[in-house]
Each structure stands twice: as structure tokens, then as C-alpha cells.
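Chains as they are written, first to last, in the working numbering: chain A, 1 to 399; chain B, 1 to 399.
Keep in mind that the hints were calculated from the coordinates and are not lab data.
Accuracy of the hints is not assured; some may be wrong.
When chains are identical, the list treats them as one kind, so a pair holds in a single copy or across two.
Said to hold, decoys possible - Each computed EDC-like pair below joins lysine to aspartate or glutamate, with the alpha-carbon atoms no more than 16 Å apart:
hint, residue 1, residue 2
1, K3, D51
2, K3, D196
3, K389, D346
4, K3, E111
5, K155, D333
6, K3, D225
Protein chains: 2
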Amino acid sequence: MPKISTKGLQMPDSPIRKLAPFATAAKKAGKRVLHLNIGQPDIETPQVALDAVRGMDRTVIEYSPSEGFASYRQGLAAYYAGVGVDVSPEQIMVTTGGSEALIFAFQACLEPGDEVIIPEPFYANYNGFAQTAGVKVVPVRARIEDGFALPSVEKIAAVITPRTRAMLICNPGNPTGYVYSEEELQSIRSLALKHDLYLFADEVYREFCYGEEPPRSVMTLEGLDEHVVLIDSVSKRYSMCGARVGALVTRNAAVRGACMKFAMARLSPPTLGQIAGEAALATPSSYFTDVVSRYVARRDALVEGLQAIDGVVCTSPGGAFYCVVRLPIDSSDVFCQWMLEHFDLDGDTVMMAPASGFYATQGAGQDEVRIAYVLEEPLIRRATQVLAKGLAAYLVRND
Amino acid sequence: MPKISTKGLQMPDSPIRKLAPFATAAKKAGKRVLHLNIGQPDIETPQVALDAVRGMDRTVIEYSPSEGFASYRQGLAAYYAGVGVDVSPEQIMVTTGGSEALIFAFQACLEPGDEVIIPEPFYANYNGFAQTAGVKVVPVRARIEDGFALPSVEKIAAVITPRTRAMLICNPGNPTGYVYSEEELQSIRSLALKHDLYLFADEVYREFCYGEEPPRSVMTLEGLDEHVVLIDSVSKRYSMCGARVGALVTRNAAVRGACMKFAMARLSPPTLGQIAGEAALATPSSYFTDVVSRYVARRDALVEGLQAIDGVVCTSPGGAFYCVVRLPIDSSDVFCQWMLEHFDLDGDTVMMAPASGFYATQGAGQDEVRIAYVLEEPLIRRATQVLAKGLAAYLVRND
Numbered sequence: 001m002p003k004i005s006t007k008g009l010q011m012p013d014s015p016i017r018k019l020a021p022f023a024t025a026a027k028k029a030g031k032r033v034l035h036l037n038i039g040q041p042d043i044e045t046p047q048v049a050l051d052a053v054r055g056m057d058r059t060v061i062e063y064s065p066s067e068g069f070a071s072y073r074q075g076l077a078a079y080y081a082g083v084g085v086d087v088s089p090e091q092i093m094v095t096t097g098g099s100e101a102l103i104f105a106f107q108a109c110l111e112p113g114d115e116v117i118i119p120e121p122f123y124a125n126y127n128g129f130a131q132t133a134g135v136k137v138v139p140v141r142a143r144i145e146d147g148f149a150l151p152s153v154e155k156i157a158a159v160i161t162p163r164t165r166a167m168l169i170c171n172p173g174n175p176t177g178y179v180y181s182e183e184e185l186q187s188i189r190s191l192a193l194k195h196d197l198y199l200f201a202d203e204v205y206r207e208f209c210y211g212e213e214p215p216r217s218v219m220t221l222e223g224l225d226e227h228v229v230l231i232d233s234v235s236k237r238y239s240m241c242g243a244r245v246g247a248l249v250t251r252n253a254a255v256r257g258a259c260m261k262f263a264m265a266r267l268s269p270p271t272l273g274q275i276a277g278e279a280a281l282a283t284p285s286s287y288f289t290d291v292v293s294r295y296v297a298r299r300d301a302l303v304e305g306l307q308a309i310d311g312v313v314c315t316s317p318g319g320a321f322y323c324v325v326r327l328p329i330d331s332s333d334v335f336c337q338w339m340l341e342h343f344d345l346d347g348d349t350v351m352m353a354p355a356s357g358f359y360a361t362q363g364a365g366q367d368e369v370r371i372a373y374v375l376e377e378p379l380i381r382r383a384t385q386v387l388a389k390g391l392a393a394y395l396v397r398n399d
Numbered sequence: 001m002p003k004i005s006t007k008g009l010q011m012p013d014s015p016i017r018k019l020a021p022f023a024t025a026a027k028k029a030g031k032r033v034l035h036l037n038i039g040q041p042d043i044e045t046p047q048v049a050l051d052a053v054r055g056m057d058r059t060v061i062e063y064s065p066s067e068g069f070a071s072y073r074q075g076l077a078a079y080y081a082g083v084g085v086d087v088s089p090e091q092i093m094v095t096t097g098g099s100e101a102l103i104f105a106f107q108a109c110l111e112p113g114d115e116v117i118i119p120e121p122f123y124a125n126y127n128g129f130a131q132t133a134g135v136k137v138v139p140v141r142a143r144i145e146d147g148f149a150l151p152s153v154e155k156i157a158a159v160i161t162p163r164t165r166a167m168l169i170c171n172p173g174n175p176t177g178y179v180y181s182e183e184e185l186q187s188i189r190s191l192a193l194k195h196d197l198y199l200f201a202d203e204v205y206r207e208f209c210y211g212e213e214p215p216r217s218v219m220t221l222e223g224l225d226e227h228v229v230l231i232d233s234v235s236k237r238y239s240m241c242g243a244r245v246g247a248l249v250t251r252n253a254a255v256r257g258a259c260m261k262f263a264m265a266r267l268s269p270p271t272l273g274q275i276a277g278e279a280a281l282a283t284p285s286s287y288f289t290d291v292v293s294r295y296v297a298r299r300d301a302l303v304e305g306l307q308a309i310d311g312v313v314c315t316s317p318g319g320a321f322y323c324v325v326r327l328p329i330d331s332s333d334v335f336c337q338w339m340l341e342h343f344d345l346d347g348d349t350v351m352m353a354p355a356s357g358f359y360a361t362q363g364a365g366q367d368e369v370r371i372a373y374v375l376e377e378p379l380i381r382r383a384t385q386v387l388a389k390g391l392a393a394y395l396v397r398n399d
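Hey, can you work out the whole structure from these sequences and the hints?
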């Protein structure tokens, strides 16, 4: 029997995969599991996108060009103009989700053994993409005490080595919901320029921002045309994670050229998803107004519920639909599993993502969980109630 | 400006990418370009699949499970039973096209620096997938004089080194159309067992087989449960290349476990494509009877037309919809470009894929082209006529 590769063995597991069987068992036992663990929004996909799929008039579901349909890329350029980003269709490559955009960026820009700095906690799959490309993730720690603000320039500069080639940010952030300030973006800009680093920016939560000011794209930072690679996706924006359509946007022609070779090897991004994505560009602004107000109500309900629990630390996230919460426990892996296995409040329990999977630093985040507020407000209120009682029971348990 | 990676620089270019601008220019100049260069069939997608997309009743285009929808995997298991392959739904992982299945297989099974033996000429993108995984392709040469039969066991054994970990075959073959005999499959089986090699088998052209006997899947070879990884796709079978839905099938649980980690990192295969793929399983057998008879007529027209040209060597392919043809020229790269730039017969010219891109051996295939017979029979006849005249003109040209 041939051996499997060490690369496969070393691929990190999903933070919630271990918990999945316990959620299944809880459901089988008749419990209702309130899922605060996932990033699949419950919001409906815009009607224009659904209509486009249902009205598809093709009789052959053909390949699209490897870089995506020309009409879609033109539409995307107009979308970016609308959010203050000046790019041409040629600077936009359609990808199979934001995931593929990030894999292309890593493979086109970084050598195996190169280092990429990522503020932690960060989206757990970044580890998998780095592992796939043979790239080393170097975390810089953002702390709940600071509301997960960007670590200081000095702290970031301190981890730069001769192998450091890039920095990766997610703004608004998954899992923290943090939105970088103008000052923080300028710090990131200075670091990229001074150390000649690529700046990969995952901005898939752009529309989910709850402050007065819309967040600024790194594509608008001056002097970074050759450094910035924007990672984007329709998944969260239009609540169509299953379309598997994203984008890689950069003004760096050499990076585009290399990405194009990877894109041609995999032939094309999904045709049906692109039909949905292109149609979704016509989503009325009322859709987003409505969605944002629902998320604000959910967030406020969540934060209010959490802050009422003794020993729980959480700040109010400014964007996305996640927050990282500190609980008065030793191991959120153990606690999250215990909630599914041993607790219910009148039949209800809660599933959360242990935060340790969102840290690259060994042992970090053990007393934290990520909570996604992707349920309607009444369910969010119920979930915080269940969590409060569960936590109280857990702290006095004897098992 | 940061440097781009050597990995990106070394990614091979598509065999036809260089020609694309010349095809565009020919069209602009008013020529009709008969495309014999591509693998996008002109056949219509089965009605059941189009209907399923148009009738989609989801209101949220959600992620599917990372391994694909359970109902689709059950349907696929039934499909495989129908072609004599006994696998459970758990042994099937849905992927984003056959491309992703092969990338997962390479990454899960092989270390960077490992070697995979591939009979050449082979599907050009195998080079790109190998480059992505850091794997070295070791070709063994199949020859047009032998009708592209499998090279002898001795010749294959001769290239095995301590780093050889796998063999990759495509059956029926792209670009040759060759279908392996029972004897050849047994040779491959012996090699895999004797040298403990993974056997990756790309069987995406399974239904396009024009002999008396249906081709046998490597999944039915005895004693290879831990060695075989089957690569499959809906792209050609149902003429829906743009769905981006494929499958990785293996009875090796460790390989499945590693692939699952890569699958979870990219979240899920396309939801809409899976809807089309699952519905396509109900395609009536009359669809394939019709398609196969059309391809046989096209193939026969092509072979007849080619064999009538002085100095052209071609064998009648037994499957898929390609063949590799030897022309009486020095460089098919130069000739294929010349046909687009400088030749037309009453406004018609022909685009073919130079075969050099399908060989890993430097300098091989310079006098060969790959022809895809993905046009209706009258156009195939016209194309061979244009090629005959073009070739005659090329051989006496003065430019």
C-alpha cells in the first residue's frame, strides 16, 4: 500500500469538523441545535440572481474563458468603480470562489518556504491555502483587550525576516468582525512599501460594515499598485456561497500573468455561478440596506446577551457577521463539545466554533469561541440565553 | 516591486494560447476558422440537466458539503454500478471538475520531488497540475507507428526510480483517442503492484468508446484497492464543461482522508453545477447512442479525409474525440500559426493544436497536431479539405 504525502497529513483540520458528529448526535437525540458556528448566511440570494439561473437560455453549459466571462468582468469593473476602486476589466480575474483567488495569489507570488504575516485570529482556511502552497504563516497577535485592533507597526516589523514576502489582511475581519481604521491601513501601507511586501487583502465582507464610514479598499492606497492583490467573492455579498465565484484583482501585470497560467490549467470558473454573479450586480441597494439593518439588530442582540453573562468578554464588531468572545473556561474545544453532548435548555443547545483553530500560535484562543450571527434576532436571543445557562451548568459540573 | 514566484514563472503555457491572437486576427480579417483545436463539444447538454437548473427551487444558493451533496454521491454510486464499478457513496468525493480531482490526488498522495510516470503524448494540463504540486512528470513515449499503444512493461520499468510513486493514465486517451486493451490494463496493474505505485486513472471519456467492448475501469482491476484513484468529470459525458463538476473515487481511506482536508479548505464544489450533474444522471441511454453515432461518423469522415492527404499519418482512434496526426512538416507550431495567418480556402481556415504541448520530452511531437472532432460531419469534411490544400500550399511557400 503506497504511503500518502506528508503534505496531506499536515493539512490542518477544520475547527468545527471534530464537533460535527456531536451536533449530529444531539439532533438525533431530539435537541434543537442553534448553529452559531458557520459562515453560511441565512439571508436569501437576491431575486435577480435566482431569476438569471432559472432563465438560463444556454443549451450547452460550456466553459467560460479561464479569466471569466468578459461581460461579467466589465460588470465587476463598474461595481468596483461604485465602491471607489478604479480597475479595468483586464485587471480582474474571475476565480472559483475567494478560496481559489487566494491559492492563485500564494502560488503566483510566493516561493515554498516564504513567509506571510497574518494578524491572528484569522480565517482558519488561510492555514490550508498556505500549506497547499508550501508557505509559512507568521502570526502577529491581535488581542480581545484591544478589540482585535491591528498590532503595532513595531510588533509587525519585529517578525519580518529575509523570507517575509507578504502580509495578508481580512477587512472587515473574519473571525473578529474588526474593521481597520484609516490609520491602521496607512500603517499596513508603510510596512508593505518599506519591506517590499505583497499585500493580500480579503475584502469579501465589504458590504457588511456597520459604522458611519464605508471601509476603504486597499486598492485605493497610494503607491501600492504592484503590491496589492485583492481577494473577493460573491459568497457573502449576495448570500450565494454555493456559486463558487470569486475574483482576484491586481494592477500588477506579472502577477496577473502567472495567475492566468494557473487559471488556464484548471480551465475555467463555474459558468452557472458566473451567470448568477453577473446578474447579482444589478441587486438593488435596498437589498443591502435591509440586510445590514438585520445584521445590526442581530449583532446588538448578541452583544447585549453576551455582555449580560458573568465572565464573558466581547466587543461589538464593526463589520462582517462574526465575533470572537472570551468565555470563563479553560478549553473551548471541550466546552463546545460538552454543550452539544451534555446540555440543553428545554431541548435547545448551541454550536459554536472553538477559536483555537483561528490562531496559528500554539495554545492561543483556548478560552475563546467564534460566534457567527447568521440566525434571526429571536434565535440569537434564545442562543445567548442557552449559552448563559449552559456556561453556568458547565462551571459547576462534576463530569 | 516584489518578485513573483518561480513556480508561477515555470507554469507551462497552454499549447494553443500562443495561437489564440492569430485566430482572433483571422476572424477579424473575415475568415471562418474551423476549430479543431478545442475539447469543448458542440453537443447539447442533456435536457434533464438544463431543466433541473431552470427549475431550481432554492432561495439561497448555499454551500454543499465539502465532499458534495449526499444525494448526488448516492446517484453517482448507482451510475458506477451501471458501468461495473462497485463503490459506495463514501468512496466518492465530488470535486470542482476533473482538474481539482487530479490536484487533490497529486497533493494527497505525492511529496514534492516525487515522480509520476505518464505515457506521452498526454493531456497538457497534467503538466500544470504536477507543477502546482511540485511533482516531476516522467514520460514514457507512445508512438504513432504503434497507434499510441501502451509502451512495453520493460520500457516503463526502465524509468522507475526510488522517487517514482505513481502512474497516470487517461483511458480513453486525450489527445490520442487510444483505448487500452485488457492486456495493457493487466500490464499496468502488475507494474502498480510490483512497484507499489499509485495508479491515477482519468476516465472522463468513458462513454465515448467506439469498439465492441466497453472499456474496463481500473476500479475493476483486482488487488488495486489501495492503489487506484479514479478521476472523473461530467464535462465531456454530458457536454457541460462549464458546470465544473468532477469526482475523485478511491477505496483507499487514507487518501480520502487527506483529500477531504484539501476539500474542506476550498469549502465546497459548485452547488449549481451539482444540481445539473445530479439531474444528468437520469440522461436516457438514447442520448449516448445518438452522441456516439455522431462521433463515429465524424471520426470516420476525419480519418478518411486525412488518410487521403499525401504524407499524413493517422490511425483511427477508438475513443474520446481526439486524434494525434503526423503531418509532413518540421514544426506544427509554425504550421498551425501559418494556417491562421496566411491561408484560407474560399474564406475558410483551420485551427489545430500543435502536439508538442502534449509531450514532456523536449522536441517530441514537432511534426504532429491534435485534432478534436467536435464539429458536425460536413464541417469535418470541409476542414480536411482546407487542411489538404493548406498543407500543399505550405510545402511550396516562399515566405
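Going through the hints against the structure:
no.: 1; hint: K3 <-> D51; result: neither (48 Å within a copy, 44 Å between copies)
no.: 2; hint: K3 <-> D196; result: between (40 Å within a copy, 9 Å between copies)
no.: 3; hint: K389 <-> D346; result: within (11 Å within a copy, 83 Å between copies)
no.: 4; hint: K3 <-> E111; result: between (26 Å within a copy, 10 Å between copies)
no.: 5; hint: K155 <-> D333; result: neither (29 Å within a copy, 54 Å between copies)
no.: 6; hint: K3 <-> D225; result: between (44 Å within a copy, 14 Å between copies)
Violation of the numbered hints given earlier is confined to hints 1 and 5; the remaining hints are satisfied by the structure.
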